[in-house]
Amino acid sequence: MDAAKEARRGSDKTREKAAPPPSASNVPAFSRDEDLHAYREMLLIRRFEEKAGQLYGMGLIGGFCHLYIGQEAVVIGVQMASKDGDQVITGYRDHGHMLACGMEPKGVMAELTGRKGGYSRGKGGSMHMFSREKNFYGGHGIVGAQVSLGTGIGFANKYRGDGAVSLTYMGDGAANQGQVYESFNMAQLWKLPVVYVIENNRYAMGTSVSRASAQTDFSKRGVSFGIPGEQVDGMDVRAVREAATRAIAHARDGEGPYILEMQTYRYRGHSMSDPAKYRTKDEVARMREESDPIEQVRKRLLGAHKVAEDEIKAVDAKVREIVNESADFATSDPEPDPSELWTDILL
Amino acid sequence: MATDILMPALSPTMEQGKLAKWLKKEGDPVKAGDILAEIETDKATMEVEAVDEGVLAKILIADGTDNVAVNTPIAVLADEGEDPASVEAGGTKPNGKGREEGQKAPAPDMHAEGQAERPAPAAKTGDDKPVETPASPAVITNRGQDPAMAEIPEGTEMVTQTVREALRDAMAEEMRRDDKVFVMGEEVAEYQGAYKITQGLLQEFGAKRVVDTPITEHGFAGVGVGAAFTGLRPIVEFMTFNFAMQAIDQIINSAAKTLYMSGGQLGCPIVFRGPNGAAARVGAQHSHDYAAWYSNVPGLKVVMPYTASDAKGLLKSAIRDPNPVVFLENEILYGQSFPVPKLDDFTVPIGKAKVHREGKDVTIVSFGIGMTYALKAAHELAEAGIEAEVIDLRTIRPMDSETVVASVKKTGRCITVEEGFPQSGIGAEIAARLMVDAFDYLDAPVLRITGKDVPMPYAANLEKLALPNVAEVIEAAKAVCYR
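Chains V and A, in that order, give the protein sequences. Here the first sequence stands for residues 1 to 347, numbered as in UniProt numbering. Here the second sequence stands for residues 1 to 483, numbered as in UniProt numbering.
Keep in mind that the hints were calculated from the coordinates and are not lab data. A portion of the hints provided could be inaccurate.
[As the list claims (entries may be wrong)] List of simulated lysine-lysine pairs, DSS-like, C-alpha gap at most 25 Å:
(1) A/K478 x A/K360
(2) A/K464 x A/K452
(3) A/K464 x V/K134
(4) A/K410 x A/K352
(5) A/K21 x A/K31
(6) V/K116 x V/K134
(7) V/K191 x A/K180
(8) A/K208 x V/K191
(9) V/K51 x V/K281
Remember, it's a predicted structure, so these values are computed and weren't measured experimentally.
Let the hints inform the model, and build the full structure from the sequences given.
Here it is as structure tokens:
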């Protein structure tokens, strides 16, 4: 472990207090365009999720709905480091990943409302969406299952020799599943091009990391397999992109898998039905105030990058328009035809 | 006191083997642990280790002798000081270690193959020409009279193959045909397969396509499914389907459901295969028949062949199928021989049952190793004047009700035979379907012969009781015929 890497790790003490992750002052700055891109993409996820929350409250979205608000910098930073052809797979908190992969907000929202125009024609729902075209492999409802599947995608990349990297996301809860370690073992044994992104948002549903994990430093979860890992300030999109660039290069160069622990935070409950009594309102408020991933970029845009407030407002307006359009589509599109019940069972 | 050295059983299901080579000669002193000889089974070459000390007085079975039955005396060990020349075979006590002189290691596969209690393959029952093993390649000339051969073109040359060889050939042929096909599982490559189903594949296709996995069923099943999502065609071998319980989440939640949940975008062309059901004396955790479990799941196809020919043709179809296929084999059937058509590309369609034996009095529906009971019973019933029609389902899901219903419309009676448990079993499914689709044709209730509703016991007598038997099938057939 070199000194720089050690510095990125932060101390156990910091995490125990549930304070914001240490700010990475040595992270390379983004250009104006990069920050604008990150701002727009993260804001799209934020506004999309807020709208989904609203529609859920109105009874237009059913079942489970897990919002990504607060974690936007993770998926956007990793996407900024990835190349076309790299695949993404994640668990059930997946709306942000889909938008980051370039999937249409209309199709995602219409799937949330269970309509014909949804990505899965209304048969998957919030947790089960896919886009072969955008290399998004789901959207999986069984905690940890996507880790073996993502490892298999990496296996296929190596088998084909196409140079693609499988970006396999999981939460801090999934990181305690057995098949994760079976996958780590095989990925390192066979040097598969997989980057495991552990989104540590501090709570697996209502159980805090320290109550569920004997080793709370998730970057060390690959140590016994010899998989390198690092902790990353997952609220700073620049730190995320920086670390992901390193991890993806490692995987793409045939060096095998890499683990990134993204220290992040979800503002909302585990799902829409979670009152979040396991943490204080102050904790959430402090994270929003001090570490919000979007606000950090907005400040840079207005400050160092000298972007005019009007230009940012125009971005905000455009994002709202896209989200409103998706909601309009998702609430006016018809439900799937009853005949859809019997399709797509077998090819 | 001289001791007989007996032909060892090198796996729980081994009944005979070849005494390949003696490594000691008559008159040689023997210490415990010395390697005496090499024994070849159809799966492996194993070394026979001495347990006692003494002098190898007499070799009773020469190098290169085939088909030496387990427990046959193969040599005589004299005590030190005893005159080897005076030692006679037989009459000497076995060495007190039971049936084996000593085996170097447990059977490589740690599971059983073959056993004495189940009926011999139908090939030996006499009246079942379709499965009679020809001594040399045969040419089919009378397929019109032979329902089991109806799918095979007239004039096709047949070769005798074990189910094991047929499965191996099916994989090899499909791997030659499509480089997206690969095999993964425990011991499939360098070990040549725990049951030698993948024998020779590593040599032909290399380590990229014949992949040894760690013992990590849940993980490698998921890896296979993930690879299949991208369009590769994995064959995932489970050393037994009992171990696939570790992986059943990936089989059902990921492989079977994703096509539907993705609105048709993400298919999963994968085969999960391996031995399923009881072998011999391996206890409850290694004896479970999962046919009914997997048959319950939309999005899966479930295949369970009986003959080598069906095993080959169905496995080739399964590998080409764009859907996840659970391919349930049986360890006892692996070593059994059947005629297999010598064709460049022989496939059997998934979802089609086969009338294995025609009859007019009662329909017996079975599949997989259940067919051994069904065919033996049909043979004995014929002697009692009851002509049973035996249907081999071959595919459990999608189930070919049509063939069963057509037969029941003719016979008016149906019994089912399976080794799995009774509740919610395949027999229960068939009974329910017949109630709807052939109610007016039934002259008697459908009866089910199944494994007993108990975890599989270890003791030989209890295991025998837990499995179905031919007498039960005959009794049920007579009962529905009111005889």
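Checklist entry - Keeping to a limit of 25 Å between CA atoms, is the pair of A/K208 and V/K191 held or broken? => result Holds. A/K208 to V/K191 sits at ~13 Å (cutoff 25 Å).
Checklist entry - Holds or violated: are the alpha carbons of V/K116 and V/K134 at most 25 Å from each other? => result 20 Å, holds
Item to check | Straight-line alpha-carbon gap A/K478 to A/K360, limit 25 Å | outcome: 13 Å, holds
Checklist entry - For the pair supplied as a hint, A/K464 and A/K452, is the alpha-carbon distance within the 25 Å limit? => result 10 Å, holds
Item to check | Given pair status - V/K281, V/K51, alpha carbons within 25 Å | outcome: 22 Å, holds
Checklist entry - Given the proposed pairing of V/K191 with A/K180, does the C-alpha separation stay at or below 25 Å? => result The given pair, whose Cα atoms are some 20 Å apart, holds under the 25 Å limit.
Checklist entry - Between A/K464 and V/K134, is the straight-line Cα distance small enough, at 25 Å or below? => result 56 Å, violated
Checklist entry - Between A/K21 and A/K31, is the straight-line Cα distance small enough, at 25 Å or below? => result Distance ~18 Å between A/K21 and A/K31 Cα, so the pair holds.
Next on the checklist: A/K410 and A/K352 were given as a pair; does the straight-line alpha-carbon distance stay at or below 25 Å?
Outcome noted: 19 Å, holds
This entry does not satisfy hint 3, going by the numbered hints stated previously; all others are met.
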